[in-house]
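*Asks:* This is what each chain is made of:
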Amino acid sequence: MPDLGKYADTVLSAYGLSALLLLGLLVMTLRRGAKVRAELAAVEQRVKSNG
Amino acid sequence: MRDLRLAFRAGGGFGLGLAFFLIVTVMVPFSVGPNSATLATIAPGVLWLGALLACLLSLDRLLALDWEDGSLDLLATAPLPLEGVLSIKALAHWLTTGLPLVLAAPVLGVLLNLPAGGYLWITLSLLIGTPALSVIGCFGAALTVGLKRGGLLMSLLVMPLYVPTLIFGAEVARRGAQGMAVETPLLMLGGITLGSIALLPFASAAVLRVNLR
Amino acid sequence: MRDLRLAFRAGGGFGLGLAFFLIVTVMVPFSVGPNSATLATIAPGVLWLGALLACLLSLDRLLALDWEDGSLDLLATAPLPLEGVLSIKALAHWLTTGLPLVLAAPVLGVLLNLPAGGYLWITLSLLIGTPALSVIGCFGAALTVGLKRGGLLMSLLVMPLYVPTLIFGAEVARRGAQGMAVETPLLMLGGITLGSIALLPFASAAVLRVNLR
Amino acid sequence: MIEVRDLGVSRGAVPVLEAVGFCLAAGEALVLRGPNGIGKTTLLRTLAGLQPPLRGEIIGDREQIAYAAHADGLKLTLSVEENLWFWARVFGSEDIAPVLSAFNLVGLRTRPAGSLSAGQKRRLSLARLMVTGRRIWILDEPTVSLDTASVQLFASAVVAHLSAGGAAIMATHIDLGIDGRLLDLAPFKARLPALDFDDGGFL
Amino acid sequence: MIEVRDLGVSRGAVPVLEAVGFCLAAGEALVLRGPNGIGKTTLLRTLAGLQPPLRGEIIGDREQIAYAAHADGLKLTLSVEENLWFWARVFGSEDIAPVLSAFNLVGLRTRPAGSLSAGQKRRLSLARLMVTGRRIWILDEPTVSLDTASVQLFASAVVAHLSAGGAAIMATHIDLGIDGRLLDLAPFKARLPALDFDDGGFL
Amino acid sequence: MSIWEYANPKKFLRTTERILPPLWLVSGVLILGGLIWGFFFTPDDYRQGSTVKIIYLHVPAALMAINAWFMMLVASLIWVIRRHHVSALAAKAAAPVGVVMTLIALITGAIWGQPMWGTWWAWDPRLTSFLVLFLFYLGYIALWEAIDNPDTAADLTSILCLVGSVFAVLSRYAVNFWNQGLHQGASLSLDKQENVADVFAYPLYACMAGFILFFLVLVLYRTGTEIRLRRMKALLARERMSDA
Ligand code: HEM
Ligand SMILES: Nc1ncnc2c1ncn2[C@@H]1O[C@H](COP(=O)(O)OP(=O)(O)OP(=O)(O)O)[C@@H](O)[C@H]1O
Ligand SMILES: Nc1ncnc2c1ncn2[C@@H]1O[C@H](COP(=O)(O)OP(=O)(O)OP(=O)(O)O)[C@@H](O)[C@H]1O
Ligand SMILES: [Mg+2]
Ligand SMILES: [Mg+2]
Chain A
1 MPDLGKYADT VLSAYGLSAL LLLGLLVMTL RRGAKVRAEL AAVEQRVKSN G
Chain B
1 MRDLRLAFRA GGGFGLGLAF FLIVTVMVPF SVGPNSATLA TIAPGVLWLG ALLACLLSLD
61 RLLALDWEDG SLDLLATAPL PLEGVLSIKA LAHWLTTGLP LVLAAPVLGV LLNLPAGGYL
121 WITLSLLIGT PALSVIGCFG AALTVGLKRG GLLMSLLVMP LYVPTLIFGA EVARRGAQGM
181 AVETPLLMLG GITLGSIALL PFASAAVLRV NLR
Chain C
1 MRDLRLAFRA GGGFGLGLAF FLIVTVMVPF SVGPNSATLA TIAPGVLWLG ALLACLLSLD
61 RLLALDWEDG SLDLLATAPL PLEGVLSIKA LAHWLTTGLP LVLAAPVLGV LLNLPAGGYL
121 WITLSLLIGT PALSVIGCFG AALTVGLKRG GLLMSLLVMP LYVPTLIFGA EVARRGAQGM
181 AVETPLLMLG GITLGSIALL PFASAAVLRV NLR
Chain D
1 MIEVRDLGVS RGAVPVLEAV GFCLAAGEAL VLRGPNGIGK TTLLRTLAGL QPPLRGEIIG
61 DREQIAYAAH ADGLKLTLSV EENLWFWARV FGSEDIAPVL SAFNLVGLRT RPAGSLSAGQ
121 KRRLSLARLM VTGRRIWILD EPTVSLDTAS VQLFASAVVA HLSAGGAAIM ATHIDLGIDG
181 RLLDLAPFKA RLPALDFDDG GFL
Chain E
1 MIEVRDLGVS RGAVPVLEAV GFCLAAGEAL VLRGPNGIGK TTLLRTLAGL QPPLRGEIIG
61 DREQIAYAAH ADGLKLTLSV EENLWFWARV FGSEDIAPVL SAFNLVGLRT RPAGSLSAGQ
121 KRRLSLARLM VTGRRIWILD EPTVSLDTAS VQLFASAVVA HLSAGGAAIM ATHIDLGIDG
181 RLLDLAPFKA RLPALDFDDG GFL
Chain F
1 MSIWEYANPK KFLRTTERIL PPLWLVSGVL ILGGLIWGFF FTPDDYRQGS TVKIIYLHVP
61 AALMAINAWF MMLVASLIWV IRRHHVSALA AKAAAPVGVV MTLIALITGA IWGQPMWGTW
121 WAWDPRLTSF LVLFLFYLGY IALWEAIDNP DTAADLTSIL CLVGSVFAVL SRYAVNFWNQ
181 GLHQGASLSL DKQENVADVF AYPLYACMAG FILFFLVLVL YRTGTEIRLR RMKALLARER
241 MSDA
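Same order as they appear, the protein sequences are chains A, B, C, D, E and F.
Numbering follows the numbering used here, with no gaps: position 36 of the first sequence is 36.
Numbering follows the numbering used here, with no gaps: position 112 of the second sequence is 112.
Numbering follows the numbering used here, with no gaps: position 179 of the third sequence is 179.
Numbering follows the numbering used here, with no gaps: position 102 of the fourth sequence is 102.
Numbering follows the numbering used here, with no gaps: position 141 of the fifth sequence is 141.
Numbering follows the numbering used here, with no gaps: position 111 of the sixth sequence is 111.
Here chain A stands alone, though its shape is the one from the complex (with noise of 0.2 angstroms):
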């Protein structure tokens, strides 16, 4: 850990927040697709088998 002086909230909490957001972004993201490819993968299971 380098030492981050008098600054070390303002950095850390900069980091922290980005970090966050980032993240949030990529899980969202990540789920929302895995969620919509099985749900598209069932439909057309089923479309597939009623013709």
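No lab work stands behind these hints, which were simulated from the structure alone.
Hints should not be assumed to be uniformly reliable.
What the hints assert, rightly or not - When the alpha-carbon atoms are kept at most 30 angstroms apart in a straight line, the in silico DSS-like pairs for lysine-lysine are as follows:
{"id": "1", "chain 1": "F", "residue 1": "Lys233", "chain 2": "D", "residue 2": "Lys189"}
{"id": "2", "chain 1": "A", "residue 1": "Lys35", "chain 2": "A", "residue 2": "Lys48"}
{"id": "3", "chain 1": "F", "residue 1": "Lys11", "chain 2": "A", "residue 2": "Lys6"}
{"id": "4", "chain 1": "E", "residue 1": "Lys75", "chain 2": "F", "residue 2": "Lys233"}
{"id": "5", "chain 1": "A", "residue 1": "Lys6", "chain 2": "F", "residue 2": "Lys233"}
{"id": "6", "chain 1": "A", "residue 1": "Lys35", "chain 2": "F", "residue 2": "Lys11"}
{"id": "7", "chain 1": "F", "residue 1": "Lys11", "chain 2": "F", "residue 2": "Lys233"}
{"id": "8", "chain 1": "D", "residue 1": "Lys189", "chain 2": "E", "residue 2": "Lys75"}
{"id": "9", "chain 1": "D", "residue 1": "Lys189", "chain 2": "A", "residue 2": "Lys35"}
{"id": "10", "chain 1": "F", "residue 1": "Lys233", "chain 2": "F", "residue 2": "Lys10"}
{"id": "11", "chain 1": "A", "residue 1": "Lys48", "chain 2": "F", "residue 2": "Lys233"}
{"id": "12", "chain 1": "A", "residue 1": "Lys35", "chain 2": "F", "residue 2": "Lys233"}
{"id": "13", "chain 1": "F", "residue 1": "Lys10", "chain 2": "A", "residue 2": "Lys6"}
Using the hints, position chains B, C, D, E and F with the ligands against chain A.
*Replies:* The following block gives chains B, C, D, E and F with the ligands in isolation, referenced to the frame of chain A:
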């Protein structure tokens, strides 16, 4: 309860008030200029004015919808005192409009360079003052329900009634921001709110009964 | 023509914008405090902000009524270019909302201690700027016609589009009030207005055609 | 005057009718039939140019079409005359007097449209068609709310229009006593699009 | 269930009908006839309590009346179900499923009302009557825009309502195949009031 | 073979399926590497102290906030002119990423401003124009959400994007004219003598490259999701037709 649920589901009022508050506060620096000293001076007043306008705009949905679909008639004949019904309506209005404004005010204060000491007081004064805005607004809505162009008329009627609340509320916020004593205006603000909550529903109910005849 | 007549007959839009303008400017001293120096500083900005809010509020009647009663369909199949129809609608909106604001602004300026040199410039800047507000608003109304909660969405969409007009308009008024040079912002304001009037109706018509199909 | 070939129309991104085709000469009327929701309104809106066709083509002069929708499209605060004058000016007509008398509106001339009864409003909105001066009338359930006498008025207006070389396409559920060709839309109901897992219909 | 004696009704301060009288028992239907503008809508609105009568009296339980007007009165942005649920809650009903199936709306359940065709909208607005659970239906031209199959649906809904002890008053220009008493309003058209310069009728 | 072939949804899905995994990897390595390098292995600035480390987040985020809007503008133009569905969906997919980038730039900027300028927020032109950009993003996303019919939504949002871009540029000039800034100018320009010292610059380059790639990967992935969603909607509508 039903009002709350409906208000949340219809959602319009909720978002509209908040969005309007945001619009007003963001637009102020564009119009008044970016000078941060000026902005800091007027910040408490702008926040109060924005909150008041947001309340005013969301008022006309308070009773109008119920009037149009006839459920106001049904409520009036229901085994509840009309005073109670109107108090609940005002409460629902406050929860969906006033409370979000109170919570948003400190955030928007940042944009207006609100002095550090001001955050507590703007929040507190809005928290105490906005219920009065809802109750008074409910009276205005009851007065004008069912009238053609009721919205316009209501704004004009309600505006003077809002003046004392606005003066004392903004005064608390302004003095607080400048580190001055706030007791007197705070007491007055609290008095107005309590008085309105205690007495105005009776006036609203009386007025509404006349309008429903 | 019919739009004009209708707007006057229905009256609502007309009065509502003006009343709102009045409310905002009258409430400002109550919220910001009666200090006349502060008021004089912010007066031009407040007048512009009030005018902008009044425009914004009267927008949702611009197309919604025609959409609901089906005459928008008929107008779209009429031998008039839709661009022209929308320009006329924007003109009607300006005549019923913008123009009264321009005329009222100097009067309300008195309430705000507007410096003597400012009257000319606030009037001039509003006169030049408000047409842009109407045209841009017409675009917003065309975008959201027929949508659920269109009013809220429209405010959100139109607000950032109003920013340049507001900045230059308020800048003209502010500089004018302080006796500074106003050529540059005045030119920009005129440019924005002319550009919007010339180009935006095409965008509005394109958007409206999509919405009607 | 208007010819339609292999037309497919859609509403809200869902295909509704397909392979509709007909050809209408001057002096002819076409009456569309079909159960609720089959797509009469959608077809008429497409013909009027309010929405693009999904496929196929419409040959004819768009500028000759006047469209009357389900909704009356009246301004309730304007008077009967003012409403008509507005549309007369939009379409460049000079005179509304014959129209007023053709639809028995003379006595209601100065009344605001908002104070008319449902059938009177409908008469007014049909009168609008005549002031357009256009030759192809597209009518969506024109006789809604009309009493038998007014239906007669309307029918004779249509007949006069046809014999003056106009044409009319109308959707209706009741019999109007206008002799025109009937077109039942039920057979043209859009079938399920072929399940296409290949490129073309992927979306 | 409802009795009307010597009723006079007015619209916009002008007397429209006078001396109307009838008496309707449970299980009966009354069909109002008359040319456009005679005052059917005005009469129905008066019966529903939306406007005060000019003279005469209406005897019956206001609280038992459900009124369906010319306009559909739907919230176009809400779905079919939401529209019905709203009214069900207002009137304290618990279930909308039977109503949906009675008016063949099951397949349209989740569609926003704005995307329905004219006839489908009308079906929805008629379905609203059934969720009110009220016993006297007052219907103003209920079958506008409906195709023959839907008119049948509606007729059987009315018949079921009547045989369950309800009553219905409706205005219409076409024959619905419901056997109810006919009441032609033409004879009740208000005559010019006698010019009365004495105090009584001065205003 | 022309680039437009990728406008075919199936082809697009197939291709991205193949190229995405390595891209995920590279973007992750670049971002993490750049940030770790910047955070742990660069010295403090003699004036700004350790706060200079914020630059590794702030500048790439600001860069991508603008470029995401620019990409949406190009995609909207392609939709308006050539009507390729994939491009409309790509614009839709990019907007939320752009919002997050804008937010990161605003938040890190605000946090940085507290020690440097003594205030969280000032109406500096650059800050202000970012706030306006943020509002544009919100409006754009809200409009997509509000419309059911996907083609209508694509048409309306693309026109909003075109008009909005013009007004965004206008706002930029307006705020520039309106207030002179506190914010520093571009320090990474090629023609200037005094660029930031290389110790700061190299990790910054790594982060910028990482953010660009990360944006690209996210947008490609999200576009795939949007394509699947549309296909699903089409299939469901088809199913409904067969019910009716
Ligand atoms: C909320 C506030 C802020 C916003 C929206 C913002 C926005 C931006 C933008 C858009 C850039 C990119 C400029 C370019 O690439 O040419 C940038 C760069 C930069 N910002 Fe900020 N900024 C904010 C606050 C701050 C603060 C408080 C500081 C530090 C005192 C700061 C320091 C920098 C630096 C050093 C750069 C790099 C300039 C360069 O090398 O190009 N920013 N900022
Ligand atoms: N936004 C939408 N999404 C999906 N389907 C829609 C949408 N709008 C309309 N539809 C459907 O398109 C079909 C055609 O509607 P249209 O209004 O053309 O019917 P119509 O033949 O005119 O019926 P009516 O006799 O009731 O007027 C209807 O089944 C309707 O439900
Ligand atoms: N504000 C008003 N002033 C004067 N007359 C009015 C006003 N409103 C309505 N009327 C008239 O009252 C009469 C009765 O109207 P009403 O709507 O009751 O007719 P209706 O029998 O329902 O006709 P329809 O079959 O066309 O629906 C009509 O002649 C109408 O023109
Ligand atoms: Mg139809
Ligand atoms: Mg009627």
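*Asks:* Could you run down the list of hints and mark each one as holding or not?
*Replies:* Comparing the hints with the structure gives:
1. Lys233/F x Lys189/D: Given pair Lys233/F, Lys189/D holds - Cα atoms ~21 angstroms apart, limit 30 angstroms.
2. Lys35/A x Lys48/A: holds, 20 angstroms
3. Lys11/F x Lys6/A: At roughly 54 angstroms apart (the allowed maximum being 30 angstroms), Lys6/A and Lys11/F break the hint.
4. Lys75/E x Lys233/F: Holds - the C-alpha atoms of Lys233/F and Lys75/E are around 24 angstroms apart, at most 30 angstroms.
5. Lys6/A x Lys233/F: violated, 55 angstroms
6. Lys35/A x Lys11/F: Judged against 30 angstroms, a Cα distance of about 21 angstroms means the pair holds.
7. Lys11/F x Lys233/F: holds, 19 angstroms
8. Lys189/D x Lys75/E: holds, 28 angstroms
9. Lys189/D x Lys35/A: Not satisfied, since the Cα-Cα distance of roughly 34 angstroms exceeds 30 angstroms.
10. Lys233/F x Lys10/F: Status holds; Cα separation ~16 angstroms.
11. Lys48/A x Lys233/F: holds, 15 angstroms
12. Lys35/A x Lys233/F: Cα-Cα ~14 angstroms, so holds.
13. Lys10/F x Lys6/A: It is violated: about 54 angstroms lies between the C-alpha atoms, which goes past 30 angstroms.
Hint compliance for this structure: hints 3, 5, 9, 13 are not met, and every other hint is.
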